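Enquirer: Going down the list, the sequences are from chains F and R. Those letters in the first sequence? Residues 1 to 244, by UniProt numbering. Those letters in the second sequence? Residues 1 to 244, by UniProt numbering.
It cannot be assumed that every hint is accurate.
Each pair may be met inside one copy or between any two copies, as identical chains are not told apart.
[Stated by the list, open to error] Here are the simulated SDA-like cross-link-like pairs (lysine to any residue), alpha carbons at most 25 angstroms apart as the crow flies:
{"id": "1", "residue 1": "K115", "residue 2": "P40"}
{"id": "2", "residue 1": "K115", "residue 2": "R14"}
{"id": "3", "residue 1": "K83", "residue 2": "D61"}
{"id": "4", "residue 1": "K83", "residue 2": "E240"}
{"id": "5", "residue 1": "K115", "residue 2": "N89"}
{"id": "6", "residue 1": "K83", "residue 2": "Q28"}
{"id": "7", "residue 1": "K83", "residue 2": "R238"}
{"id": "8", "residue 1": "K115", "residue 2": "V75"}
{"id": "9", "residue 1": "K115", "residue 2": "G160"}
{"id": "10", "residue 1": "K83", "residue 2": "S118"}
These are computed hints drawn from the structure, not numbers from a lab. Quantities reported herein were computed from a predicted structural model and do not represent experimental measurements.
Number of protein chains: 2
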Amino acid sequence: MSSQRQGSPERRLRADRARQAADVIRQQVVGRAYPGGVLPDERFLAAEFSVSRNSIREALDLLREEGLIDRVPGVGTVVVTEKYAHGLNQLMGLAETLHEHGDVTNDVRALGVIKAPSSVAARLGSPDVVYVERLRRLNGLPLSLDLTYLALDVGEPLLGLDLENRDIFSLIEQTSGRSLGAASVTLEAVNADAHSAAVLEVPRGSALMVVERLSHFACGRPVDLEFIRMRGDRLTMRAELRRS
Amino acid sequence: MSSQRQGSPERRLRADRARQAADVIRQQVVGRAYPGGVLPDERFLAAEFSVSRNSIREALDLLREEGLIDRVPGVGTVVVTEKYAHGLNQLMGLAETLHEHGDVTNDVRALGVIKAPSSVAARLGSPDVVYVERLRRLNGLPLSLDLTYLALDVGEPLLGLDLENRDIFSLIEQTSGRSLGAASVTLEAVNADAHSAAVLEVPRGSALMVVERLSHFACGRPVDLEFIRMRGDRLTMRAELRRS
Chain F
1 MSSQRQGSPE
11 RRLRADRARQ
21 AADVIRQQVV
31 GRAYPGGVLP
41 DERFLAAEFS
51 VSRNSIREAL
61 DLLREEGLID
71 RVPGVGTVVV
81 TEKYAHGLNQ
91 LMGLAETLHE
101 HGDVTNDVRA
111 LGVIKAPSSV
121 AARLGSPDVV
131 YVERLRRLNG
141 LPLSLDLTYL
151 ALDVGEPLLG
161 LDLENRDIFS
171 LIEQTSGRSL
181 GAASVTLEAV
191 NADAHSAAVL
201 EVPRGSALMV
211 VERLSHFACG
221 RPVDLEFIRM
231 RGDRLTMRAE
241 LRRS
Chain R
1 MSSQRQGSPE
11 RRLRADRARQ
21 AADVIRQQVV
31 GRAYPGGVLP
41 DERFLAAEFS
51 VSRNSIREAL
61 DLLREEGLID
71 RVPGVGTVVV
81 TEKYAHGLNQ
91 LMGLAETLHE
101 HGDVTNDVRA
111 LGVIKAPSSV
121 AARLGSPDVV
131 YVERLRRLNG
141 LPLSLDLTYL
151 ALDVGEPLLG
161 LDLENRDIFS
171 LIEQTSGRSL
181 GAASVTLEAV
191 NADAHSAAVL
201 EVPRGSALMV
211 VERLSHFACG
221 RPVDLEFIRM
231 RGDRLTMRAE
241 LRRS
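Given these sequences and hints, build the entire structure.
Expert: Next up, the structure:
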């Protein structure tokens with residue numbers, strides 16, 4: 001690396017320098033740090049990162065491949081995808097989280113009572129469950145595909161309600177008169193299979209954030225098990241951690 | 001869907017049923033719920049999920065494409081990748097987190113003092129920083145590629161130390177005599193570019209979990225900014241959330 005103080009002679013590949021710059025630029029893009037969504041020109045970025053213009057071009061290529069930025073003739077390099085942050089510290093529905101960015105609507109793809117697979121039945125303490133499958137959109141654009149299992153007594157009151165426009169969390173709290181408490185969440189990065197990709201309107205193989213979330217009533221009873229595929233190019237997850 | 005109680009006539013595609021089963025099976029695989037890492041046979045799974053054997057075959061195909069399971073003649077369908085959980089509630093280094101699974105070692109790919117890009121300098125309050133780039137392995141297999149920027153006074157004491165075998169968190173706390181406090185974390189799912197894929201030994205385009213983490217001393221001073229690419233097929237992130 002170009003170590004000004006250590007003077008290490010180690011040679012770094014251009015690809016390594018490009019990745020290093022791309023990560024910092026990605027963070028600026030996602031954090032909306034560039035005024036008007038226009039990136040500084042290559043010469044400025046090369047100076048900023050103490051690398052060659054070729055390395056900067058390669059860094060911008062990486063972010064273009066991710067679908068974050070694009071070149072617009074006469075304007076320069078611009079941000080083309082807004083990514084929205086979903087908080088991991090507080091348990092919130094998507095519409096609650098994103099209300100300042102626009103309207104969340106849901107295509108209800110399936111809805112009904114089913115016999116639960118045994119692992120789902122065990123986790124919800126309910127042999128029959130309400131199954132809800134929704135394609136969720138923000139301002140009409142697909143954000144996530146959610147497969148939801150609800151304990152029968154909690155899910156049945158939702159069957160006639162406005163699942164197209166309301167978060168399941170708020171409907172559960174309204175119909176049960178009880179508050180949700182904690183949830184356990186597992187996150188994975190997974191490549192989209194062909195069919196999920198088609199539903200979410202992304203190329204096959206696109207990186208998705210797959211979230212499995214088991215939500216409980218405040219009393220500790222598990223009531224809502226969800227498997228969520230989020231488009232990686234449209235959602236980020238944010239959390240605050242403590243050392244101890 | 002096959003709604004036993006509602007009797008909804010809605011037709012569901014086999015791909016939808018396969019995804020639905022695959023999500024529950026994935027959760028069982030990652031949670032190590034199948035004894036000996038051998039999945040039940042197709043007939044059992046078809047009954048379990050109330051779907052056809054063709055749907056189960058398609059579900060298993062999805063998980064095989066993700067690299068989670070494989071068919072072994074004479075044995076059946078077996079789990080082939082262990083995924084490790086990294087906690088999102090407590091701020092821990094990788095070696096601390098995974099100590100029960102084996103030894104974490106680090107290939108130090110770059111190390112030295114550099115002039116920080118302005119956004120990094122601003123976040124760390126340090127115009128010069130120590131830059132450390134590590135390929136992190138568990139029992140020899142690549143898990144993540146970490147690009148780390150440390151405030152100069154915090155990073156310089158680490159330059160001669162055992163970065164191959166120790167977490168940066170524990171080295172910082174040892175050399176500074178101070179405790180780390182909170183960290184802000186952003187998670188994204190991103191497709192691996194060609195060069196990062198080669199370093200992490202995955203196919204180009206593989207889904208990676210990209211983590212950006214800014215860690216602070218307990219007093220609130222930011223000291224450690226990291227950009228981490230985790231192999232999606234080897235790490236999951238776990239968190240506990242509260243409703244309010």
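Enquirer: For each hint given before, does the structure comply? Return the numbers of the non-compliant ones in rising order.
Expert: 5, 8
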